[in-house]
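> Since chain A is already given, all that's left is putting chain B on it; use the hints.
Here are the chains, one letter per residue:
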Amino acid sequence: MEANKDNANPTILNQSDLPSRRSDSGVKKRDDGGTGLFDSLVPAYTYLNDPFAQQASSSDTDDDSVEEIDEQEIYDLISTISDPEHPLSLGSLAVVSLPDIHIQPPSSPRSPISTVLVEITPTITHCSLATVIGLGVRVRLEQSLPPRFRVDVRIKQGTHSTDEAVNKQLGDKERVAAALENGTLMGVLKKMLSTCE
Amino acid sequence: MSTSAPPPRELTPLATLHPPSTSRTWMTSPHPQLPMVATACSDKTVRIYSLTSFTLLSVVSGGHKRSIRSVAWKPGTRGESVLATGSFDASAGIWRKYERNAGAEGGVVRDEEDYTDGKGEDGEDGDADGDEDYTFSVLLDGHESEIKSLAFSPGGNLLATCSRDKSVWIWEELEDDNFETVAVLQEHEGDVKCVAWHPNEELLASASYDDTVRLWREDLDDWGQCALLSGHGGTVWWVEFEGADMLGAGGMFAGEGLREGQRALLEERERAGPRLVSCSDDLTIRIWRRIPKARGESSRGPNGVPSILRTSSIEEEWVEESQLPKAHGRAIYTAAWSKKTGLIASTGSDGKIVVYQERWKSGTSDTGGPSATSEVNGEAMDTTDGTPLTPEESWKDKPLTEWVVVAEIEGAHGVFEVNHVCWARRCDKGKRSSGEEVIVSTGDDGEVKVWTLNG
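Protein sequences, first through last, are from chains A and B.
The first sequence begins at 1 in this note's numbering and counts up one residue at a time.
The second sequence begins at 198 in this note's numbering and counts up one residue at a time.
Excised from the complex, chain A in its bound form (with noise of 0.2 Å):
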């Protein structure tokens, strides 16, 4: 395993050099990126062993008194998560980076459903894991997402050899329905977020 990974010798970024609250010149106090910061707005969430067992009651939208969420707070969700061949995680690899996360607001004053867009960018252009990490940031953040948002997590344009396929497989609910089902694949998923508690 470790002498066939994909990219050996990945370019890695200085933790000090990523986007966080505090390099930005603090509008708010937090302590740190993702550390229970969304514990307060979603119900303790178990996706991971049962995918809707705290959603049922969730339907009457509190949502609407909770302060916006910003990109910074979905690049501080993600960035934790582990890359699935190297001991690094997704943002100090620059997979993702905060100017390609995209929140759209709802559409029309009557649509309750808001847009993150986020664009990640293998390592290198044949990396055969980018689905698995594409995969990987759809999950964790339709974890720890309210429901009011959609999820859509696509190869950045020109950074991957096969980007129109895996953006084709990760937009497929039914695809990613199913694959949250396998367990092989769960696995590698479970080891990948376990580095974002």
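All clues stand as given, with none of them false.
According to the in silico footprint, chain A covers these stretches of chain B (three or more CB under 8 Å from chain A): (1) 260-270; (2) 521-528; (3) 603-614.
Because the hints were derived from the structure by calculation, they are not lab data.
Glycine included, every Cβ here is placed at the ideal spot set by N, Cα and C.
Chain B alone, transformed into the frame defined by chain A:
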């Protein structure tokens, strides 16, 4: 995208079937005769609800190892209900339940009675598989990966299943519980998302991740592809035929005083048969129609020489007839064509339910497409309004009909995605006419909701 004028009719929630599932529900199928529906659930069960009391009647469980994605009732059964389930575990199941009074000739239903007395005995946990409940009778094995959809032919003897393995299988029930594979169709280049039968021909439609719809029929002893419908720019999630009797029963197109072109269109439609609707990730809903074969044309071989070996080719020509007004902002998962009224209902990832109606276009305006939505005028579905067509305005050059949005609702399942809608006969006490229909929607929140269309 949406017009300022509100649609003329209103979707009103009638009931949420109780209790809901605690996990995602994928689709709901109304029983062909009895006042109940079956819902395919991601918790590996099927939930059977009453359409008279809106409560849970039974939970069918124990047959599948993964999510049940699709469910279908066998039509025309007598004395029993037969349910087919398609699962992410790559298998399909056939379930049977004895029904004392089910299966009246011609599917006549006495609406006020609810024959399914399972309630109370089974409770909600579904563990109590009593004698009176659904028994697992056959496991159909063969697909290599998740089954996405399945459908019984109108005669009930054929069952089509489709899968992520890119294939469509057709199974024939030779006798009770004895199924034989009669075809494995492998032309699709991606997951096959949906299968649907023609209402009165043995013609099967399938929709795929490869962005196409394909049609299949039997040629001598082999099933083969008879048409390829290209045009969608994304996964085609759903495909469904028009009702067999829409010209006579549709109402909208009946009536005196049709112009010549309009009569010609209806005659052509009668020869072509039911149309097809498909919806896609590309945010469009498209109507397809068959070009009727000219008489004699089909009896010629490949060289134009009349063939004695084959009296007909299975090739059919289908063309895109129109697109419905664009009303969805995200992937459209279902477009359901009412067999009774000809209305189409759609839903998808944006959580909206939209209802469309086809109407005669007024003569002068040829500004088709989405802008026409603003012209909706609830009561003015008159077939004779508008300026007369000039003789050269044939329906072949210019569409004589247009589709307009007549009702829509945002957030039908709160903030959740809606995976499926279908039309069902209204069976509760509040029913306003014998033919009244309701829309049944199935969502990621585990809820199945019943809607009435007012106005």
